[in-house]
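Please put together the full structure from these sequences, using the hints given.
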Amino acid sequence: MTRKALRQAEPVRYSRLLSVAAERGSETVTNDDVAGPIDSSDEWIRQRTGIVTRRRATADVDVLDLAEAAARKALDDAGLTGADIDAVILSTITYFHQTPSGAAVLADRLGATPAAAYDISAACAGYAYGIGQADALVRSGAARNVLVIGAEKLSDIVDPTDRTISFLLGDGAGAAVVGASDTPGIGPTVWGSDGSKAQAIRQTHSLRELAADGSLGMPTLRQDGQTVFKWASFQMAPIAAKAMAEAGVEPDDIQVFVPHQANMRIIDQMVKQLGLPEHVVVARDIADSGNTSAASIPLATERLLTEGKARSGDLALQIGFGAGLVYAAQVVVLP
Amino acid sequence: MAHTASEILEGLAEIVAEETGLPTDAVVAEKSFTDDLDIDSLSMMTIVTHAEDKFGVRIPDDEVKNLATVGDAVKYIEGAQA
Chain A
1 MTRKALRQAE PVRYSRLLSV AAERGSETVT NDDVAGPIDS SDEWIRQRTG
51 IVTRRRATAD VDVLDLAEAA ARKALDDAGL TGADIDAVIL STITYFHQTP
101 SGAAVLADRL GATPAAAYDI SAACAGYAYG IGQADALVRS GAARNVLVIG
151 AEKLSDIVDP TDRTISFLLG DGAGAAVVGA SDTPGIGPTV WGSDGSKAQA
201 IRQTHSLREL AADGSLGMPT LRQDGQTVFK WASFQMAPIA AKAMAEAGVE
251 PDDIQVFVPH QANMRIIDQM VKQLGLPEHV VVARDIADSG NTSAASIPLA
301 TERLLTEGKA RSGDLALQIG FGAGLVYAAQ VVVLP
Chain B
1 MAHTASEILE GLAEIVAEET GLPTDAVVAE KSFTDDLDID SLSMMTIVTH
51 AEDKFGVRIP DDEVKNLATV GDAVKYIEGA QA
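Protein sequences appear in the order of chains A and B. Quick note on the UniProt record's numbering: the first sequence kicks off at 1 and runs consecutively. Quick note on the UniProt record's numbering: the second sequence kicks off at 1 and runs consecutively.
To be clear, the hints were calculated from the coordinates, so they are not data collected in a lab. Treat the numbers as computed from the prediction; the structure is a model and nothing was measured. Check before you lean on any hint, since a few could be wrong.
[What the hints assert, rightly or not] Have a look at the derived ranges for each label pair, beta carbon to beta carbon:
id: 1; chain 1: A; residue 1: Glu250; chain 2: B; residue 2: Glu52; range: 22 to 30 Å
id: 2; chain 1: B; residue 1: Ala17; chain 2: A; residue 2: Asp194; range: 29 to 37 Å
id: 3; chain 1: B; residue 1: Asp35; chain 2: A; residue 2: Thr161; range: 19 to 27 Å
id: 4; chain 1: A; residue 1: Asp194; chain 2: B; residue 2: Thr34; range: 24 to 32 Å
id: 5; chain 1: A; residue 1: Arg163; chain 2: B; residue 2: Val28; range: 40 to 48 Å
id: 6; chain 1: B; residue 1: Gln81; chain 2: A; residue 2: Asp60; range: 55 to 63 Å
id: 7; chain 1: A; residue 1: Glu307; chain 2: B; residue 2: Gly79; range: 47 to 55 Å
Note that the Cβ used here is the ideal one computed from N, Cα and C, for glycine as well.
Next comes the structure, spelled out in structure tokens:
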């Protein structure tokens, strides 16, 4: 008896971003609001980080609310509904359930059931990781349209007395729909990790330690600022350069640079290291939105598009990097 | 070939000048990076990175806090070349 030939999914040649949308926390938190408990000042925070305000959500809003709001806008902008989505990928570090995933709950809220749905843990690189996965899923034929969401309610894990990272953090969500395209729309993702620096950005304690000693309270974040600054400023620029090279483009061909909004000093140093020409529009959403981890790239992208500083069809170099340490970069055509 | 202490000081002064806008002759051995030259922790990491590249040495992140003065940095780089 002859065995039937196995059929594999038919690949699709190209993928692209169909939309990028954002939802910011509704409250504006100034440097003066956070400076007291860390014995700091507006001037010090601006000089060290470039942050003027950060946006935070109210107590009644959780990370999935932010994610849902951004996702609904992304679906609308793409002219799609939940029923058109085959996979939902949620990147977050502030959905406090080991299981079930936030993505499954979110997919249901969006009417995307029975889309495949899963969370990824790639911190500030989560959106760029998600876009890399969505691109692969669409081109392999595993999904027609993929919804990628980076969502964080980081205000849930800030320690107001922490001088290392808490004062940087904001809340928000960004979402993108990735689908098939007649022309190339997402360059190869250059991604990786370096777990030898896992302690550079970390939780104060694990959930197991909290279970053993309830007095520890909710874990909060800490970072070794100098280590992270050096790594991000000097080791991430070559990753971004590689993403351009693999996409077959030069700095002159790029219209927009959207690095993860970690710290303005890192952004400035990366621009210098990359030798980006004057015409390249650099996302500096961190000044008003703070560091929103996985949400920062789509938040910054949406803002540039909304303000007319970037346009549909522009080539954007984006790079996410953060706790892990992990990173991912790609060149995309803006929707 | 190993750099001499005076070559290191000269090279380091150029790096500091580039990062801070200070004249190179302000960068002398006894000056404190923070108190005298007003260099913050992030600028210090930029200077360290450029110094690593220029002198072909590795300065671990944990070591940077021990480099209080320009002279400390020169001495560390001189030793690290060996």
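Checked hints:
1. Glu250/A <-> Glu52/B: 22 to 30 Å: Hint holds: Cβ distance 28 Å, inside 22 to 30 Å.
2. Ala17/B <-> Asp194/A: 29 to 37 Å: 32 Å, holds
3. Asp35/B <-> Thr161/A: 19 to 27 Å: Hint holds: Cβ distance 26 Å, inside 19 to 27 Å.
4. Asp194/A <-> Thr34/B: 24 to 32 Å: Since the Cβ atoms of Asp194/A and Thr34/B sit about 29 Å apart, the hinted range of 24 to 32 Å holds.
5. Arg163/A <-> Val28/B: 40 to 48 Å: 31 Å, violated
6. Gln81/B <-> Asp60/A: 55 to 63 Å: Roughly 60 Å apart at Cβ, these two residues keep to the hinted range, so it holds.
7. Glu307/A <-> Gly79/B: 47 to 55 Å: Because 52 Å falls inside the window, the suggested range holds.
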